[in-house]
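Colleague: Sequence:
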Amino acid sequence: MTIALSSPSLDLADSWAEAVTEFGGAHIDGAGLNDDITPDRAAAESFVEMAELYGRRGAVLPEGHVPCDYYWITDGAEVVGFIAFRRELNDFLRRVGGHIGYSVRPSRRREGIVKTALAMVLDKARADGYDRVMITCDDDNPGSFRTIEGAGGVLQDVIDASENGHPLLRRYWVAL
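Just so we're aligned, residue 1419 is where the sequence shown starts under the numbering used here, counting upward by one.
Bear in mind the hints are in silico, worked out from the structure with no lab data behind them.
We put the beta carbon where it would ideally sit given N, CA and C, even for glycine.
One thing to keep in mind: the hints can contain errors.
Claimed, not checked - Okay, the calculated beta carbon distance ranges per label pair:
| id | residue 1 | residue 2 | range |
| --- | --- | --- | --- |
| 1 | Ala-1444 | Arg-1475 | 29 to 35 Å |
| 2 | Glu-1496 | Arg-1475 | 27 to 33 Å |
| 3 | Thr-1420 | Gly-1476 | 30 to 36 Å |
| 4 | Glu-1481 | Asp-1557 | 29 to 35 Å |
| 5 | Val-1478 | Gly-1442 | 31 to 37 Å |
| 6 | Arg-1564 | Gly-1442 | 22 to 28 Å |
| 7 | Pro-1560 | Arg-1475 | 35 to 41 Å |
Work out the full structure, taking the sequences as your base and the hints as a guide.
Modeller: Set out below in structure tokens:
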């Protein structure tokens, strides 16, 4: 297994579509997608274009949006997951989203993929001068909170975020 962070690219569009399809319409944290997406070539083209815009320093983004580096987590030529590094926190992200969101396709979970990808994103954040980042996860997701804690995450609190679809949400800070 050779896990890497790949910039979204049409070269990986077919594997991206397979990964998105595997989630079966469920929300995909860190993927930057609407839940009702049809994972076809047009959607891949649109996403690659959006990812380039959000990753461009100084780009003008829609109101309420923040600069973000989107990555497809790959194992060779297979897209196995998604991870996003939001370079700023707005009020919404400060409450429920954090700096980093991630997901691994269901068939590839429990292989340490997110642990590896998260370490890579934390290294990038450190290199960019961040001294700490926020990461959140649902309170009933032990795989995710163990991954965050394993990366040095210190629990700030557990909040009721039911108005945002998260009955209980853990908020962590990772010092870099």
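Colleague: Take the hints in turn and mark each one as holding or not.
Modeller: Outcome of the hint check:
Against the hinted window of 29 to 35 Å, the Cβ-Cβ separation of Ala-1444 and Arg-1475 comes to about 32 Å, which satisfies the hint. Between Glu-1496 and Arg-1475 the beta carbon distance is about 30 Å. The supplied range of 27 to 33 Å therefore holds. The hinted range of 30 to 36 Å is satisfied by Thr-1420 and Gly-1476, whose Cβ atoms lie roughly 33 Å apart. Between Glu-1481 and Asp-1557 the CB atoms are about 31 Å apart, so this pair conforms to the stated range of 29 to 35 Å.
For the hinted restraint 31 to 37 Å between Val-1478 and Gly-1442, the CB-CB distance of approximately 35 Å keeps it satisfied. Distance hint for Arg-1564 and Gly-1442: a CB-CB separation of about 24 Å, consistent with the stated range 22 to 28 Å. Taking the beta carbon of each, Pro-1560 and Arg-1475 are about 37 Å apart, inside 35 to 41 Å as hinted.
Checked against the numbered hints above, the structure violates none of them.
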